[in-house]
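With chain Y's structure known, arrange chain E on it following the hints.
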Amino acid sequence: MKLVVSAAPHLHDKLSTKSIMWNVAFALLPALCFSVYYFGLKALLLTVCGIASAMLSEALIQKFRKVPVTIDDGSAFVAGMLVAYNIPVSAPWWIPVVGSAFAMAVGKHAFGGLGSNILNPALLARAFLMASWPTIMTNWSKTTLGSISGMMGVSRDLVSAKAKVLVSSATPLGVVKFLRDQNFVDGLGVTAQQGKEVALLLMNKLSSFEVLQNLFWGNCGGVLGETSVIALLLGAGWLAYKHIIEWRIPTCYILTVFVLTYIFGGIDGIFSVSILFAAFQVFAGGLILGAFFMATDMVTSPETRKGRIVFGIGCGILTVLIRLKGGYPEGVCYSILLMNLTVPLINRWTMPKFFGSTGKGGAK
Amino acid sequence: MRKKTFKHGVHPPDFKSLSSDFAIEMPDLPKVATLFLSQHLGKPAIPIVAVGDKVKTGQLIAKQDGFISANIHSSVTGEVIAIDSFIDPTGKKSKAIQIKAASEDDWVELVDDENYLELPTEEILKRVQDGGVVGMGGAGFPCYVKLMSKNIDTVILNGVECEPFITSDYRIMLERGEEIISGLKIFMKVLGAKQGIIGIEDNKPKAIKAMQSLLVGQSDIYVQPLELKYPQGGEKQLIFACVGKEVPNKGGLPTDVGVVVQNVGTAIAAYQAVRYKKPLIERVITVTGSAVRSPKNFCARLGVSFDYLLEEAKGAIAPVAKIISGGPMMGFAVGDASACITKTSSAVVFLRKSEIFQSQESKCIRCARCVDVCPQNLLPGKIGDASMNGLWDEAANGGALDCIRCGSCAYVCPAHIKLVQWIDLARLELAKRPKLEEKK
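Chains Y and E supply the protein sequences, listed in that same order.
Mapping of the first sequence onto our numbering: position 160 corresponds to residue 160, and the numbering continues sequentially without gaps.
Mapping of the second sequence onto our numbering: position 148 corresponds to residue 148, and the numbering continues sequentially without gaps.
Hints listed in this document are in silico derivations from the structure and should not be mistaken for laboratory results.
There could be a bad hint or two in this list.
Stretch by stretch, here's where chain E covers chain Y in the computed footprint (C-beta under 8 Å, at least three residues) [claimed, not checked]: (1) 52-66; (2) 206-212.
The following label-pair restraints were derived from C-beta to C-beta distances [to be verified]: (3) E:Lys250 <-> Y:Leu341: 28 to 36 Å; (4) Y:Phe26 <-> E:Asp153: 52 to 60 Å; (5) E:Gly251 <-> Y:Ser272: 54 to 62 Å.
This one's a predicted model, so the numbers in the text were calculated from it and none came from an experiment.
We treat Cβ as the ideally placed atom computed from N, Cα and C, and that holds for glycine.
Isolated chain E, as found in the complex:
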């Protein structure tokens, strides 16, 4: 099939070969799990356990608060030892429930509904919601909310994984393709979608092949090979690449063009929640970087710490100078290795000193390289300039509100201007506006 792609974008080096050939492994059970109340978009969950309570693996420990929120379950068997602030994968302090794990792994009761596709839609939605399933690609949007969309004709599974270093989605496509397709079928059934597309970039030919071989004879589901380019995994970019539709700007959603996008990992989580009532308590995460002795793809329990993952990957081979939670384009540099992973943690990258890019901002030379790469067709340099000078209207004219924070502009900027953060500043200022007007 002809490869497709979106407009503009960049080609960062991908570093995927560090970990791409290592099959998913189960690390040892952790001694402690720290489960954040906010692992998703929307309101944090509300704890329903207290310090000293004994919990089982998969037991609900915090329940969702409001429509856009998600349940949190214990990822280990043990005793709640703290409900306090801990360092989350973005490097900030965030409220979490800490559980000291016992030696055994005692699960809550699971079921096995072989005819899970026959279940009524409400029951499927309820199981996805109860399981605390959220988008595992990064945003963490509650899955069941997306599944309640109307007028959907296409479900796109995101197997692009365009961020350098990360190979977790690649591995699950190779090893757990059947579960992905089962999840996709659930999505299509609930949404009444006529077609399902799995978008995979052409730097993962084995994954394309593996998925295609599972789809022989399927007319309504196909694999769409995509030309390698960052940020193809961006929801809007992926939709354009696969079906040629532009999601409207100014707050438009994929549902406006009849599409729902889910990550391939989310499909597995949803499948397990629907068939087995298994809550989302573990995920595949890539532990990689040149400072790691033995890069791995782990199926790790949620709430384990970065240093635990590093130890499980046989430790550091060189002094670790930087830890990136997520990919290097949009991920967070975290200053503390005791930070713990969440439902949206796709990778932890441990870098050596020699690999760290550091430089000073200098003056914009108007080279317009940012304009040439912006997948949203904005004027990042103009927004940055306006933001530095506090001209928020100018920033809005340059498209500040349509930025997807992919970092392509900052990646190519020869003056090393922190464009993403300047644009963030403009967006924050512009977001304050209606409130100011209301006060008047």
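With the rest of the complex left out, here is chain Y:
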């Protein structure tokens, strides 16, 4: 009788690092399908470029580092996918290639590889691409369907053609940024009062069910992977069902954005927007993608339960700050990156109370 001797436990849950990563990749597929449907086959091409570059870069770097090549664990695949998801469809093929290579080299392996990185590699790559090729990364001109002006039913007698040019073919959050900008009102060539009225009217239009519906399906401008709320929620649902993501980070993140935009989102003092506008802010931009797929990145989020709540709320506050007060229309990427940097501190400050140290139950 030849017997195996190993350490307890002798049973194991089915989930492994590999299966977690491939499940995340699977959960990202619906978003890719919607992306191809709305933006065309180029969306697929860019995603494939991103994935191929990520896997190849990781293999080369691991060869160079003389460590085992682990591209079959799926983590490079997911990172490449997420890099591509953060790129507009109008970008050339080499943008995801460069981005993914950067994500692997600087974002991941410079820190020691899987499990050791401080920042989310895909988001770091997005920040890098934004800084290096800002015009390419914010070119929404190839956004074929549902340009935001069309959705809003902006007509010539309402605002000048100039306003229409400004708001057309931008991302939904880009439009909001225009509306909040004094230059926009000035550019209309109307009085300040009239300009404000136009802006308010447009804000209300943004909060219509029709716009929300388009955002929900993904019929609007934006980077590849962020537009379709329904597709992302399908994927997130799968991950939650598989116990791969946990509720705390996404829930706290999204709720914080919702509440803060409801309070501070208006251009006419606090509580000056409808609840639908707060919903618009949740659906628009990269929040859903960020909250479910990037902020929940296991490596770069807190380990403690309380820490995850703090992390989610922190991401939400920073996102709203950037969206409303910052120079960019969207703040999901930078807010998550900034919060990534605070994770060691959050972990330290939110240490759980060990069982038996709470004095609960009246120990004598």
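Chain E only, in chain Y's frame:
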């Protein structure tokens, strides 16, 4: 009654249906019994027989050494043939007395005190101590020591049996419920406890029912149904689930919250020791696993070997690739089927090759699944990380000293890190510390 439970924990598959429906059987008497001197927590017992001595069933062969120790009795009638090292159920070599059994089964004299509950407390404690009764759930803590605790208001009987595969406690609750309750009454009387609780998980509805039907009209004893979750049978977890109290960490004991926990099997052993002066020489053990032709719940004599039990269960149906002594979450994989059972052996699981989980450790991805399941609310990943890097203070900060070794963290770890063993290492290193300081 509303089901209760503790915080966190995991849900491993339970595999109990393999053996749960088979009533307790008496196997044939063994040819040889190997009785370890250390079948309990504390100091090993001291042999009082020599090679060549003839012994009766139930005769004292090694006596307890010190306060925390226990007597060992012969489980068969026969002749001592060796006092040497043999393989114990943890797979290690350990000192034991080996007895070659004769064909007859000649017991030492037993009594029958029908009014056993009227006996003075000292006499009850003495009988429990003399009988070598220890905790049969796994730890093997001498029973009489626990019964000497003061300020106890609640005695909890552990009928949780949260480890997969094991059904021995389930069967005794179904078949020997009266003895369990008699044992519980003895415990309550000795400790002056006002209430007795029998904690049983809801995957054993028949056991809950059987015990409840025996308790009709009893106001001070009740069955507490518990929500199925591992490691509910952990002493601290069971106390929290039943009475909502947290046993203090840093070396706190159940007595600090006025509770004593005993296994249901221990209750029977104590009852037999008190009423009949019958020493602990046999126990119910589950012989199961997919490699066993006919899984069984045996009432087996102590000191019988694993291969004897396998033969009694009609042998192997497929090549045995792994033997687990105890449950698969905390039990030991034993490399030799000649290992012999002790007072704390609740099961022997024989697995086929296809069922063996084997994998390499990979890097921690900080998924915090270990944090989410830890019933002690520790940071297992952090301790593991610290331990790999020799940072013992960090390991202590993560809660290394409060680990109960349940293995929930390692069960869910997607990187397959041997967290329990890394934490063990940290605990060993941290335990050395005061000694180092003393030397300075």
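Results of checking the hints against the structure:
1. Given a C-beta distance limit of less than 8 Å, the hint that chain E covers the stretch 52-66 of chain Y is violated, as 0 residues qualify and 3 are needed.
2. Figure legend: the stretch 206-212 of chain Y, annotated as covered by chain E; annotation inconsistent (0 residues with Cβ-Cβ distances under 8 Å, at least 3 required).
3. Checked against the hint of 28 to 36 Å, the C-beta distance between E:Lys250 and Y:Leu341 comes to roughly 34 Å, which is consistent with it.
4. Checked against the hint of 52 to 60 Å, the pair Y:Phe26 and E:Asp153 passes, with Cβ atoms roughly 54 Å apart.
5. At about 59 Å, the beta-carbon gap between E:Gly251 and Y:Ser272 stays in the expected band of 54 to 62 Å.
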